[in-house]
Structures are given as C-alpha cells and as structure tokens.
Amino acid sequence: MKSRPDFSLRQIEVFCQVAELRSFSKAANAVFLSQPTVSEHMAALERTVSNRLFDRVRGAVSLTRAGQVFYEHAKRMLQMQRDAIRALDDLKGAVRGQLDLGGSTIPGTYVLPGLIRTFREAHSDVKVTIRCGDSSEIVEMVASGRIELGIVGSKVKRRGIRAEEIAKDELVVICPPGHAWAKKRQIEPADLAKEQFVMREHGSGTREAVEKQLAESGVGPLQVSVEVGSTEEVKESVKAGLGVSIVSRRAIGTELGAGALAAARVRGMDLSRGLTLISSDERTMSGISRAFMEHVEAQKGSL
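Numbering (our numbering), first residue to last: 1 to 303.
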C-alpha cells in the first residue's frame with residue numbers, strides 16, 4: 001500500500017487557525033505568515049490528505065465534512081505537542097521556553113507589554129508571543145487550547161473558562177478639539193443621542209461594555225455611523241471629524257497631551273469596565289504560564 005506523504009505540525013497549526021477564524025487573512029495575521037503562504041500550506045495539506053478541507057464561497061471560508069472530522073484530530077495533535085513540551089519544561093524546574101499569550105486591543109496594547117517586560121526581567125530565557133484579536137476571539141483561543149492565558153476587556157462567563165478581574169479600565173467620551181464638547185469636563189447622558197458615533201465592531205470588549213452601561217442607565221442606543229476594526233482607526237476617524245466615540249483612557253494619553261483629541265466623562269455614569277485574565281480550567285497549565293499568572297496577580301494593584 002502506497003503511503004501518503006507526511007504533513008507538518010506547522011501546517012496543522014495553520015489549518016486550525018483558518019478553521020477557527022474562518023478567514024485565510026486573519027489566520028495569516030495570527031501565525032505571522034503572508035496570506036499566499038497560508039493558502040499554499042492549506043493546498044499542500046489538502047493534497048496530502050486527499051480531501052478537500054475547506055469550502056470557499058464568495059470570500060467566506062467554512063469546513064467541509066472532511067474538514068470538520070480532520071479538525072477534531074488536528075486539535076488533539078497540537079494539544080499533544082504542547083503537553084509534551086510542557087512536560088519536558090516542567091522536568092527542568094526552570095521558567096523558560098515559549099509563552100503564548102492573547103490580548104484584546106486595549107490590554108494587548110497597553111497592559112501586556114509592561115507585564116511581559118517585568119516578567120522577563122526575572123525570567124530572561126522566556127520568549128513571548130502575543131496573539132491579538134477582539135475579546136471574543138481571545139476567549140475562543142483559550143477555550144480551544146491555542147493559548148493558555150489571555151487578557152480581555154469584557155466579563156467572561158463561559159463553561160470551562162476561569163476568569164479573574166485584574167484591573168479597572170476607565171472609558172471616556174472623545175471628540176476633536178474643535179467640537180462643542182471639547183472644553184467640557186462632563187457631558188449630559190441625553191447629549192449622547194444627539195451625536196454620530198464612531199465605534200469598534202461587535203465583539204469588541206469596549207463596545208460591549210459601553211452598550212451594557214448605557215442600557216443599564218436608560219440611555220438609548222447610540223447612533224453609530226462609522227464602524228471600524230481597531231482603536232487606532234477609531235481615534236483617526238474622530239480626529240477627521242467623522243463623529244465622536246467612547247474609548248479607554250489608556251489609549252489616548254498621547255493624543256490628549258498633544259491636543260489632538262479632547263476627553264470628557266458622562267455625568268452620573270460609571271463607564272469603567274474590568275480587564276479580565278482568562279485561562280482554561282479544563283486543561284493542565286504549563287509551568288511557564290502558571291508563573292506568568294502569578295506575576296499578573298501580584299501586579300493587580302498597579303495595573
């Protein structure tokens with residue numbers, strides 16, 4: 001019987017990313033490859049297993065029946081690889097090796113880098129990869145075992161996920177310096193309904209927190225005229241006069257200092273949210289991830 005050629009664990013990793021993100025371009029960003037390279041990996045994998053694994057219809061990617069079956073085995077292959085590396089690292093008794101973390105936009109950009117810097121001051125042999133996405137994507141990465149730890153900007157209540165609030169994050173209204181709100185320290189809740197807003201996409205922890213707080217305060221839904229995919233795009237759109245927005249104060253320090261944006265609170269409303277450290281409570285955590293979790297918990301008061 002003629003044997004099939006082998007596939008690589010790298011191909012399996014890429015396959016799982018495409019399957020979970022349902023996008024070749026998003027998978028390419030997640031694994032730090034170009035989109036053509038991801039397509040080549042998947043074409044080679046399909047040839048190797050002699051099955052079509054994906055359906056591609058008008059830009060949408062979904063698993064075929066064969067792809068669904070293969071995905072279940074692929075996840076176990078990657079988990080076995082992680083378990084083997086973890087077991088060997090734990091035998092060494094030292095905190096070293098690869099630490100894969102996930103962060104939604106605000107914690108991934110403004111919280112994780114500082115935590116990693118102080119962690120590596122004590123453990124210089126650690127190499128770190130940060131995988132970014134919106135809060136829902138990071139939760140999925142932890143749930144599927146792609147990463148062991150993540151920090152997101154939303155509350156997480158999901159079976160199999162351990163969640164711990166580690167910091168508060170203040171959300172403020174931002175506008176261009178020439179806007180009527182620019183010289184106000186506070187604005188009235190009713191004023192929010194009079195403006196056009198630029199907001200992150202659904203799935204963003206910031207948007208989820210804003211909509212929840214507004215609903216609890218009896219404020220109607222915002223008039224969202226522009227929806228974008230990142231906080232940087234929000235800020236640039238507001239600077240360009242496309243509308244106002246609500247963002248984390250952590251994200252606008254430079255712009256406030258330069259006078260490029262103005263910020264205000266909403267009278268009588270607490271728009272703060274929690275930043276949440278998440279992990280799986282169904283999988284054994286590696287020594288390096290346990291050490292980083294303990295480091296984060298020790299820093300809780302200063303984040």
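Just so you know, the hints here were simulated from the structure itself, not pulled from any lab data.
Any given hint could be a false lead.
Subject to a maximum C-alpha distance of 20 Å in a straight line, what follows is the list of computed SDA-like cross-link-like pairs (lysine to any residue) [to be verified]:
1. K194 with Q223
2. K157 with V172
3. K127 with Y110
4. K300 with R290
5. K183 with G241
6. K183 with D100
7. K168 with N29
8. K155 with A258
9. K184 with M293
10. K184 with K168
11. K183 with Y110
12. K300 with I116
13. K184 with E297
14. K127 with G301
### Message
Which constraints among the numbered hints does this structure fail? Numbers only, ascending.
### Response
2, 6, 7, 8, 9, 10, 11, 13, 14
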